[in-house]
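Peer 1: Residue numbers (my numbering), protein chains in the order written: chain S, 22 to 466; chain R, 31 to 323.
Be a bit skeptical, because a hint or two may be false.
Listed next, the stretches of chain S that the computed footprint assigns to chain R, with coverage defined by at least 3 CB atoms under 8 Å from CB atoms of chain R [claimed, not checked]:
{"no.": "1", "region": "238 to 245"}
{"no.": "2", "region": "297 to 308"}
Sample of chain R residues lacking proximity to chain S, with all beta carbon distances greater than 10 Å (derived) [what the hints assert, rightly or not]:
{"no.": "3", "residue": "110"}
{"no.": "4", "residue": "118"}
{"no.": "5", "residue": "193"}
{"no.": "6", "residue": "227"}
{"no.": "7", "residue": "270"}
{"no.": "8", "residue": "284"}
{"no.": "9", "residue": "305"}
Derived by calculation from the structure, the hints in this document are not laboratory data. All of these numbers come straight from a predicted model, not from anything done at the bench. Where is the CB? At the ideal position from N, CA and C, for every residue including glycine.
One-letter residues, chain by chain:
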Amino acid sequence: MTTSRFSPRRLTAAFSLGLALVSGSATAAGEQYFPLQSYRVGPYAAGGTGFFGGFIDYMQLVNARDGGVNGVKLTWSECETEYVVEKGVECYERLKKGLNGAPAAATNPLSVGIAYATLERSTADRIPLITINHGRTDSTDGSVFPYVFPLQLNPYSEVSAIVNYIGQREGGLDKLKGKKIVTLYHGSPYGKETIPILDILSKKYGFAISHIEVPHPGTEQQSQWLNIRRIKPDWVILRGWGVMNPVALKTAAKTGFPADHVIGNIWSNSEDDAAPAGDAAKGFISITTHPAGTDFPVLKDIEKVVVKAGKGNLQDPKRFGSVYYNLGVVNGILNVEALRIAQAKFGKRPLSGEEVRWGFEHLKLDAKRLQDLGATGLVQTLTLSCSDHEGGGAVRFQQWDGASWKVISDWVQADRGLLRPIIEKSAAAYAKEKGITPRNCAKES
Amino acid sequence: MDFFLEVLIGGLLAGIMYSMVAIGFVLIYKASGVFNFAQGSMVLFAALTFVSLVERGFAFWSAFATTLGAMLALAWAIERGVLRPLVNRPPITLFMATLGVSFIIEGLAQLLWGAQVHGLELGIKDEPIDLGGILLSRFDLFAAGIAALLVLALSLLFSRTRIGLSLRSVASDPLAALATGIRVQRIWAVVWAVAGFVGLIAGLLWGARLGVQFSLSLVVLKALPVLIIGGFSSIGGAIVGGLIVGAGEKLAEVYAGPVIGDGLENWFPYVLALLFLLVRPAGLFGQRTIERV
Numbered sequence: 022m023t024t025s026r027f028s029p030r031r032l033t034a035a036f037s038l039g040l041a042l043v044s045g046s047a048t049a050a051g052e053q054y055f056p057l058q059s060y061r062v063g064p065y066a067a068g069g070t071g072f073f074g075g076f077i078d079y080m081q082l083v084n085a086r087d088g089g090v091n092g093v094k095l096t097w098s099e100c101e102t103e104y105v106v107e108k109g110v111e112c113y114e115r116l117k118k119g120l121n122g123a124p125a126a127a128t129n130p131l132s133v134g135i136a137y138a139t140l141e142r143s144t145a146d147r148i149p150l151i152t153i154n155h156g157r158t159d160s161t162d163g164s165v166f167p168y169v170f171p172l173q174l175n176p177y178s179e180v181s182a183i184v185n186y187i188g189q190r191e192g193g194l195d196k197l198k199g200k201k202i203v204t205l206y207h208g209s210p211y212g213k214e215t216i217p218i219l220d221i222l223s224k225k226y227g228f229a230i231s232h233i234e235v236p237h238p239g240t241e242q243q244s245q246w247l248n249i250r251r252i253k254p255d256w257v258i259l260r261g262w263g264v265m266n267p268v269a270l271k272t273a274a275k276t277g278f279p280a281d282h283v284i285g286n287i288w289s290n291s292e293d294d295a296a297p298a299g300d301a302a303k304g305f306i307s308i309t310t311h312p313a314g315t316d317f318p319v320l321k322d323i324e325k326v327v328v329k330a331g332k333g334n335l336q337d338p339k340r341f342g343s344v345y346y347n348l349g350v351v352n353g354i355l356n357v358e359a360l361r362i363a364q365a366k367f368g369k370r371p372l373s374g375e376e377v378r379w380g381f382e383h384l385k386l387d388a389k390r391l392q393d394l395g396a397t398g399l400v401q402t403l404t405l406s407c408s409d410h411e412g413g414g415a416v417r418f419q420q421w422d423g424a425s426w427k428v429i430s431d432w433v434q435a436d437r438g439l440l441r442p443i444i445e446k447s448a449a450a451y452a453k454e455k456g457i458t459p460r461n462c463a464k465e466s
Numbered sequence: 031m032d033f034f035l036e037v038l039i040g041g042l043l044a045g046i047m048y049s050m051v052a053i054g055f056v057l058i059y060k061a062s063g064v065f066n067f068a069q070g071s072m073v074l075f076a077a078l079t080f081v082s083l084v085e086r087g088f089a090f091w092s093a094f095a096t097t098l099g100a101m102l103a104l105a106w107a108i109e110r111g112v113l114r115p116l117v118n119r120p121p122i123t124l125f126m127a128t129l130g131v132s133f134i135i136e137g138l139a140q141l142l143w144g145a146q147v148h149g150l151e152l153g154i155k156d157e158p159i160d161l162g163g164i165l166l167s168r169f170d171l172f173a174a175g176i177a178a179l180l181v182l183a184l185s186l187l188f189s190r191t192r193i194g195l196s197l198r199s200v201a202s203d204p205l206a207a208l209a210t211g212i213r214v215q216r217i218w219a220v221v222w223a224v225a226g227f228v229g230l231i232a233g234l235l236w237g238a239r240l241g242v243q244f245s246l247s248l249v250v251l252k253a254l255p256v257l258i259i260g261g262f263s264s265i266g267g268a269i270v271g272g273l274i275v276g277a278g279e280k281l282a283e284v285y286a287g288p289v290i291g292d293g294l295e296n297w298f299p300y301v302l303a304l305l306f307l308l309v310r311p312a313g314l315f316g317q318r319t320i321e322r323v
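Okay, chain R solo, but in the shape it has when bound (with noise of 0.2 Å):
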């Protein structure tokens, strides 16, 4: 029993870093309706340049403002010269121009930063806690308690201030929230900024659980199961999507592992997600989208 615990368990805190970085989708997702396919890019991208600039010299704060800085100008150079002028475009046009972001920004990571593997250390030490014989890493309990605080700032910036409003808003119905006098083209903006932020935050901690390398930016391969099981627009969605994702392909891995083969880690995600998509298209969060005929 301990050792399924252990497995449960571990897997629910593997699942809340698929969700850090599926955040970042939805975020954009729920304003735009863009799928950015760039998102892991922009992880990859946070993490190499924070990590080159501590190793310059740059303090931990200086370097994660100067970061900031860098994602908030990325964010912008996207909406402003790649989204804005596609807008009205058919979603797919859409979609494609983020996946060619995509391949830029880490091209452009390459280039700036260079191809070496850095290590990225944030005081944390990963030694296992001992609770009751089941062994709980402390940085993933760490990273979870950023998740918590992450969501719980995401929620207070949505439901209590005025751009949280006017993004829901244009969420809802973008036609109507330009009738009313909001700029939908700034609410944008200042969603991919947030994007980015949240960008950095996953970079740090999977640049701190991987190394910061290139291979950053495929951790994107595991939150789209994440994003179709919680739904697209729904950042408590994200959060429940990557528990789900994270325990069940532990527990598969492990328990039919042996009798269906390995790397059933890879792939069972999907499967996840494919029953999902027949039995509950929208995911379990996300909204669900009716049309008059």
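Okay, chain S solo, but in the shape it has when bound (with noise of 0.2 Å):
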């Protein structure tokens, strides 16, 4: 009979694969999954191929060698942004659901656009949104951001520090007085959003400060770095991004301002911001949260682990270890150890947003931990808590020598002490605009 063949039975039956073949296998259900929104194509490809890289081939490692994060095994998948917010809003809803049963732990755009546009949906959905050395500033406020996590630096702070390490090369802070400094900023909300910072350290520290603005995308600078012989001063801060770094640099040349005395921001510190400038580049100093180099042994791990295995991400092998490479790594170690700290409050199981949300939030890395990574010098010592998603605020110094960067400073740490109130403020601000109460961080455990 026609009637038998949509019996209940052989109906549930059917829905059931169904349902099974949609959801994945029951070890995919098992795993904890890590939503990418990856760009490997347009303008900021090199950026993006080496961070996403980096921070696939730590997962690659933890799975292989550690067997997963306490069993848990990590899977992941891309959606291609191509940096672009639209594109990068649309993967954000494509795979916040997880992938065939595995929870999603945390976005990581890499995009300062991005994670502007996915802030809210992020904290509505309850899955933090990590925005490790750039994004809003005033996230740092955990009080008021419970979900965005600026880790480890965020503008403010990278500003402050440069400031810091300006005053030590030039003798003491006092010696600022009297100094001139030029901005040369990217024409685009991540350019302008220090300005204020730096005069308000400008009126702090007696420096005359001048902002200049390069136009998106940065291709042409002779009339900014004219302006910029005219003023005369003794440091500029290259605050770039993609092409505007090497053609800043190359105009510098060409304008006779030595690259020495320019320093680069958290995104003109990459070996692709510095060596498609050849010669103009020799002397540029920069600043970096982690530096370059293969020497570290969580680096060693994924060569002998993931990359003589075959199985290493990058398209060219040489970038293994290279600015952009390390910070994926580094990126994947402090996902990873959120996700282990909230493991062993919420059990070894895969775990929601919400729960890998509390991870980061106490997210403590001390020195015996560091060592334990294999990563001291990689990554700075990190405390976060409620109201400080930041956590760390410092940077080293490095500098371009023709070939490769050298590290050249201890740690430079920002003033953490000037810049709390202001972000304070703007969280408030923020908060009263959206109608957000804060949390109480003192009640919070």
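Both chains are sitting in their own frames, so use the hints and assemble them into the complex.
Peer 2: So, in structure tokens, the structure goes:
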């Protein structure tokens, strides 16, 4: 009988099979998922391939060497954003529900634009949004931004540490009085974010500050550098992105400004920013939260377990140990450690975004733990809390010798005491605008 | 006064760099009436291919010749595979086709050679030359010299060779050219090949200036106001347009920027271009279209 083909039993069996196919295997359901809004094509692909390559290779290492995090294997899938905000949001929506039953731990878009666009969604969906070394500065205040984590370094800390370093080079912060500093910044919200802080630091230390904008993408900077030549600054802080960086260095040389008095920020500090400028980049200084190089034990493990097994994610193996790659590895370490800490509280199982958020908020990496992770010198010590989602605020300085970066300073700390009230004020204004009642961090555990 | 001259001369030299890209547009528009939006991608493809070959051990001239071969093949493929089947379609169709080709070339370039950024040295130290207190870029002067040679070579090609004569007749009246036995499609193929060569030269110069990376294809945005001002069908116009845009944007940024706001440099050339469109729609040297109604 034809009706038997649609009998309730068969229908239930077919439905169950379909459900199993959609949700994936039992193993997948026992995994922890990292949705990756990556960018491997487009103008910023060099950064994206390096960062996501390092992140993925670290997760591969954890799976292959340790069997996952306390037995929970890590899984991930990529969605190409091309660094375009709309695509980043689309990818977020597509991936946020997890993969084959594995819940999403956190998103890591490595894009200020995408981070801003998904900030409120992440909070509503209870999935941590990680903006390592970038993002919205006031999201450091976790009482207002519970799901956003500008790990290690927010933009205010970045420029504060640079000014402190310039002070060191001049023989003390008191010697900054009467000096001239120019900030050459990318014409975007990212580039403009630190203008008020530099103005405050200028008043505090008595140096003259000039802000000069370079319109996106920054392929032409003749007039900006001629203006700089007219100002005759002692130092130039370069807050660039992508092609703007090598063009800045080339134009500086063209107008006779010395590269060793240009200090690049966190997005002007990779090999891809300096090398294309050729000889013009020799002597260029930039900050870094994580040096390039392959001598760290964790990098050696990745090389041995992942790369030599032919599973490395980089298309070009020469980029192993580069600045962007190592940033990806650092990001992997921080995500996995947050997961591990959260598992200690909630159980050794795949966790929800909300549970992983707790792990980030209780992230503590001391010297001993960094040594255990094989990341001494690669990652700074970090202690996060409900009120502090940044945790570090320290940078080192490196100098381009024409072929590679050489670290030239110890850790230089940002003036976090000065910055904190400004951050809290900005976060409070955001809370008021959005009708958010800040958490009482004193009562959080 | 020295500073003003420095800004002005720097702007004129930068403008010549824009003209290098604009000339590629002019060549194709002149011969076929197609606004080739893929010219920027061709510049990227050329520079990326050249630098990738050099990094794989090719000598300069060997890499140059191989890249030129690749550009000729690419030009041939576009002409044969995309434009020829669309012949006699409305201009907007052809424009959209080149827009699509542009994205395909960009994707193909990254697929073939990867996404990383490359340095490109042409052996010209970009140290400033001091001329009576005015600093001039050695590299930009070199680029201006190359542009002058290129314009001279193209002028000779168009005025002293049979192909050039054929091209001029095709540009003037394709149907009449066809009636006199000129193989229009062959001429188009030649023009696309020459545009590929111009793309290679522009790619090398811009690549040495910016580093070879995806953003090279964005230099096309600088060429658009140059074309509007100079006219879409004149190589001389592309040069003059480049000079006007280069000098105008630099002077505006330096002198009007502090009053109006930074970032003027990006949109000021388009203000100039719009003004030209209103006053002289065909541009300074473009052909005016006169139709019998």
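Peer 1: Each hint needs a verdict: does it hold in this structure or not?
Peer 2: Do the hints match the structure? See the list:
no. : hint       : in the structure
1   : 238 to 245 : holds (count 6)
2   : 297 to 308 : holds (count 5)
3   : 110        : holds (26 Å)
4   : 118        : holds (34 Å)
5   : 193        : holds (34 Å)
6   : 227        : holds (22 Å)
7   : 270        : holds (19 Å)
8   : 284        : violated (5 Å)
9   : 305        : holds (20 Å)
When the structure is compared with the earlier hints, a violation turns up for hint 8 alone.
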